[in-house]
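Novice: Each chain is listed here by its residues.
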Amino acid sequence: MRSGPFLLICLVLGGAVYGAAALLDNDYIFFAGYVVLQYVVLSTAWNILGGYCGYVNFGSAAFFALGAYSTVAIHKFTTINETVAVPIPILVLMAGVVSGVVGYGMGYLTLRLRGAFFAIATLALAVVLETLVVNWDFVGGSRGAYILRPSEIAPFGNYVRYLFLIMVVLAAAAVTVARLIERSRLGYGFATIRDDELAAEALGVPTLQLKLIATTISGALMGMAGAPFPYYIGFLQPSSTFGLDYAVNSIAMPLIGGTTSWVGPVIGALLLGSLEQIATVTISSAINLLIVGCLLVGFVIVAPRGIIGLVQTYRRSKPEEFAARRPIDADAPEATP
Amino acid sequence: MIFSFDLLINAIISGVLIGGFYAAVTAGVSLSFGILDIVNIAHPAFIILGSYVAYIVNVSFGFDPILTAIVMLPAFYILGAAIYQVYYVSFEKRGEESLRGLAFFFGLLFITEVSLVLYFGVDYRYVEAPYIGPTLHFGSVDLPLRLLVPCLVSLLLIAVLQLVLTRTFIGRAIMAVSQDQLALRLMAIDPIRIKRIAFGISIATASLAGAFLIIIQPVEPSVGREYIGRVFAICVLGGMGSLPGTVIAAMLIGIVESFTSTFYGPSWAPAVSFGFLLLTLAVRPAGLLGR
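As they're listed, the protein sequences go chains A and Y.
For the first sequence, counting from 1, position 35 maps to 34 in numbering that gives the first Met the number 0; every step adds exactly one.
For the second sequence, counting from 1, position 77 maps to 76 in numbering that gives the first Met the number 0; every step adds exactly one.
Treat the hints loosely; a few may be bogus.
Unchecked claim - Calculated cross-link-like contacts (lysine to aspartate or glutamate; reagent style DMTMM-like; alpha-carbon spacing at most 20 Å): (1) Y/K92 with Y/D189; (2) Y/K92 with A/D195; (3) Y/K92 with Y/D36; (4) Y/K92 with Y/E225; (5) Y/K92 with A/D194; (6) A/K75 with A/D136.
Keep in mind that the hints were calculated from the coordinates and are not lab data.
Just so you know, these numbers come straight off a predicted model, no measurement behind them.
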């Protein structure tokens, strides 16, 4: 399927969910759905670098927060000068540019070395960006920042519905981009880096360039996922925005779903995201983080290829397929007695 | 900002003392990341675990935290050996250590932190010991015992580790395993066993480092996160796997951080180590005393 129709199908699916939720007239569905979709974007973005190239990014929270704080900065800036509020889609694009640039810079400094250095540097990046934000009073510093959103917006009714719709579009776009990359020359280049970087380099694959493209796209998407967040949460605080839970979730979801294809992160995010929403309401939010951690460790040990891998192994072991394979064996010349 | 000589001297002294403590924190990572090539980003979580063990024993029996940590060394060693075994069977053997191994340690870090939060809450905990309050004064120079004792014990720990690594058979085997596993195997030494021992030792140092940490400052479960960047910055700056390099780098970062918090304010200190990390990676990836 071409990417255009695919994007359309994604949007139609998202629209259908929106319609169903609107019919139920329960705004909690929009609240919870927003978070799940946000994780779809984050885990898809993580997978572009982590799954396709094999480079682990622990700084998802940093890129996410970068997006969120660029929104806060722009919002503060425009409201000080009494100009009109910038519409969210534009904020999303600007956040994408900011975090894309940071992703490029990070990659440029660390990707020449072994993969582990990149991983460590991303971990440290979260701490440093948090330090910067804590010391930057314009965006609220350690006290946090309030964003007052209008409670209603023209055609959608409740504002959360509008945010949900933005996230639907964003998620559809992210998945389409991931799918497009996977099937293009770029995707094959990424796969060569994942499988054997040295051999790829020797064969003339421009590995550094490709890795930089991957970090930039991945970082930009994460930032875009964070951009509407201040409007969603209303009160943005550094310690929670840079929290480890975004980082762990955006790693756990692709690894649980399966990293080799765009389907994996989507499955992982939908399953784990919904599970977390349910666990947060029914048990407690701390327990739900513990569940994510245990699932992550369990999956990487027991099912290293995630749910997709499990499905593939199951399909391969199905008896019909063995039956289908048998004639090929029969074609082989029989051994003379 | 009033610049005074006393302030400068005291900033340097406290930087050196803190640096000694950082050396103990980093020693474990120098072993696991520097020598064994295992990217154990969960190391700070084990340090926090060590802090909480020292805290529990101190609160319930009033034992000295450092003595407790020394008694707990074998337990941490066993924990480390067990983790290495899981890591080896699940990742190293399959050749998947890069992506999934990292995720594994990240998961461990997260599980440890969340479990501690669930059990102890996010309150700051501290220990009682005779050397935590008093300060030695030499003219205008202050030497808080709270920093001095961990620093000295930590330097002792590094010295012992260095002696073990260079003088004993096991230690030399550990150094060798980082260079050529096959050669080790040809000499009838099991590299997996050596690595297990080394990783056990690496986690055992976390017990002591944890005790130092809770002596120096009150501890809550997420404190460990600040140490991830710092620890790896020191490890890389010192030259992967070189213990003398680790001490020098730790003191350097300690002094620079102490300067930053004295002259610019403590909220900027976490950014220092990251700056060092990026600078080292960009300019001299082999570190100060790199091989």
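Novice: Against this structure, judge whether each hint is valid.
Specialist: Hints versus structure:
1. Y/K92 with Y/D189: With Cα atoms ~14 Å apart, Y/K92 and Y/D189 stay inside 20 Å; holds.
2. Y/K92 with A/D195: The hint holds at about 17 Å.
3. Y/K92 with Y/D36: 14 Å, holds
4. Y/K92 with Y/E225: Measuring from Cα to Cα gives roughly 32 Å; hence the hint is violated.
5. Y/K92 with A/D194: Holds, at roughly 17 Å.
6. A/K75 with A/D136: Distance of about 11 Å is within 20 Å: holds.
Violated hint for the displayed structure: number 4, the only one.
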